[in-house]
Amino acid sequence: MGSKDIGGKYLIDRDPESWIRWLLKDDSLEVVKVLSPEFQFVTRRTDSIMQVIDRDGPFIALAELQLHFDRGMPARLQNYTAMARQKYGLNVVPVVLFLTEPPPGAEIQTCYHTEFRGLVTHQDFVVIKLWEMDAKETLRRPAPAGLLPYVPLMANADEDVVRECVRRIRWEPDHEELETILALFAMIKFDPERIIKIVRWHMTVLERSPIYQEILEKGLEQGLEQGIEQGMEQGMEHSIVRILQRRFEIVPAAVEDSLSGLTSTDLDTLLDTALLAPDLETFIRELEAKR
Numbered sequence: 001m002g003s004k005d006i007g008g009k010y011l012i013d014r015d016p017e018s019w020i021r022w023l024l025k026d027d028s029l030e031v032v033k034v035l036s037p038e039f040q041f042v043t044r045r046t047d048s049i050m051q052v053i054d055r056d057g058p059f060i061a062l063a064e065l066q067l068h069f070d071r072g073m074p075a076r077l078q079n080y081t082a083m084a085r086q087k088y089g090l091n092v093v094p095v096v097l098f099l100t101e102p103p104p105g106a107e108i109q110t111c112y113h114t115e116f117r118g119l120v121t122h123q124d125f126v127v128i129k130l131w132e133m134d135a136k137e138t139l140r141r142p143a144p145a146g147l148l149p150y151v152p153l154m155a156n157a158d159e160d161v162v163r164e165c166v167r168r169i170r171w172e173p174d175h176e177e178l179e180t181i182l183a184l185f186a187m188i189k190f191d192p193e194r195i196i197k198i199v200r201w202h203m204t205v206l207e208r209s210p211i212y213q214e215i216l217e218k219g220l221e222q223g224l225e226q227g228i229e230q231g232m233e234q235g236m237e238h239s240i241v242r243i244l245q246r247r248f249e250i251v252p253a254a255v256e257d258s259l260s261g262l263t264s265t266d267l268d269t270l271l272d273t274a275l276l277a278p279d280l281e282t283f284i285r286e287l288e289a290k291r
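Taken in order, the sequence shown gives residues 1 to 291; the numbers are from our numbering.
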């Protein structure tokens with residue numbers, strides 16, 4: 001299970017009823033129960049499966065969060081929908097929340113459709129594109145607290161929006177976990193240095209979070225790993241240079257060159273060194289030891 005699966009499942013399962021009402025735009029829905037994660041053939045790539053009841057009776061809601069475009073999503077979700085329908089004997093509503101825009105030329109499918117020898121297979125999906133939603137408008141309306149970590153990925157999100165999300169999150173009993181997930185996703189779009197300042201803790205605090213540790217233990221999904229790690233590394237390189245410039249004024253170009261290619265762990269250590277080193281020479285010695 002990748003990091004977006006871990007974070008997504010946590011956010012949905014902490015308040016499934018609010019989530020499904022928001023996703024399906026129906027405040028009358030009631031969640032009977034979140035179904036067992038042992039149903040692995042569906043939950044393997046699906047963030048949450050729940051039994052829901054509306055005015056017409058019970059059904060299964062199958063919610064999946066997609067960080068990056070995946071051409072195999074329609075066939076996979078159609079397969080999961082069929083398996084859930086067979087296992088539980090209820091109608092299934094599959095919902096996909098896309099967090100980031102697809103690459104140029106790629107089209108997000110809202111259904112699975114095939115025709116072969118006169119036989120037709122068709123399955124519609126409820127598709128929500130996060131980047132088409134307005135961040136400020138979302139904050140003006142009631143929304144589940146578990147949605148707040150994703151608001152920075154919406155349209156018109158800026159640092160003030162991130163600050164407002166952090167402010168609201170800190171009223172929640174599990175605010176540390178929510179802040180961790182918010183930071184991970186906000187770093188995809190914003191400078192990691194700025195996000196760290198906004199949430200007012202250092203990466204070492206992030207790394208102590210149970211959610212972050214679970215992400216590391218389970219293994220990062222390739223797309224999120226690249227997005228977060230590259231963003232963090234570039235942001236930390238920039239942060240280190242800026243800190244050194246402010247403290248020691250002149251920073252040799254060789255120092256900037258030497259930072260390139262270091263791991264996020266090494267850069268995190270060097271960020272501490274840049275803040276605490278008594279002089280530039282001490283920092284350079286630490287940097288050379290990392291090469």
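These are calculated hints, taken from the structure and not from any lab test. Be a bit skeptical, because a hint or two may be false.
[To be verified] Keeping only pairs whose Cα atoms sit at most 25 Å apart, straight-line, the calculated BS3-like set for lysine-lysine is:
{"id": "1", "residue 1": "K189", "residue 2": "K9"}
{"id": "2", "residue 1": "K9", "residue 2": "K25"}
{"id": "3", "residue 1": "K33", "residue 2": "K87"}
{"id": "4", "residue 1": "K136", "residue 2": "K197"}
{"id": "5", "residue 1": "K25", "residue 2": "K197"}
{"id": "6", "residue 1": "K87", "residue 2": "K9"}
{"id": "7", "residue 1": "K129", "residue 2": "K9"}
{"id": "8", "residue 1": "K136", "residue 2": "K189"}
{"id": "9", "residue 1": "K129", "residue 2": "K197"}
{"id": "10", "residue 1": "K33", "residue 2": "K9"}
Contradicted hints - numbers only: 5, 9
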